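The numbering used here puts the first residue of the sequence shown at 4, with every later residue one more than the last.
A portion of the hints provided could be inaccurate.
Said to hold, decoys possible - Think about it this way: if two alpha-carbon atoms lie no more than 30 Å apart in a straight line, the pair counts; the simulated DSSO-like pairs of lysine-lysine are:
hint, residue 1, residue 2
1, 121, 46
2, 35, 19
3, 46, 25
4, 137, 147
5, 75, 46
6, 124, 59
Calculated from the structure, these hints are not laboratory results.
On a predicted model such as this, the values are computed, not experimentally measured, just so you know.
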Amino acid sequence: MENKALIEAAIFISDKALTNKKLSKITGLTEKQVSIIVLDLQKDMEKNIHGIDLIKTPDGYEFRLKPEYSEKVSKLAPYSDISEGSLRTLAIIASNQPVKQSIIVKYQGNKAYGYIEKLIKKGLISSEKEGRTKIISTTNDFEKYFGKKVEDVKRILENSKND
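Using the sequences and the accompanying hints, generate a full structural model.
Encoded structure:
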């Protein structure tokens, strides 16, 4: 039981997704043992009595708000796991999608490549090769993460431009 709590605490406190390997180092357990405990934690989180889900991403495990609670609590710590540059990049993508990567780089500079890579790893955007550039769009996880539809985000962005 102590290892389960330790894994839960590690995932909660980390600003990055944690892999089985990293959790194994923290707990002293094998990766297989960690995997079994994580599955047990995920089952716990699926119950409606919890406001969060334990999600497996390409980078490892992380907690995310359940969509039905995000609107009420998202203002308490809005998107603190995404840098300001990444948020600006995401705003460009959401309001212009599908958009060429070269256009994003034109607005954001060369740092955009790093922002795009992080957003892809987070599962918020996808890219498809087209000639010498890539076409970037938001994913379904974008809506889950922000608790809003892309159209709502576009409307918010438009309204903020008019302020």
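Comparing the hints with the structure gives:
no. : hint      : result
1   : 121 x 46  : 28 Å, holds
2   : 35 x 19   : 21 Å, holds
3   : 46 x 25   : 21 Å, holds
4   : 137 x 147 : 24 Å, holds
5   : 75 x 46   : 24 Å, holds
6   : 124 x 59  : 11 Å, holds
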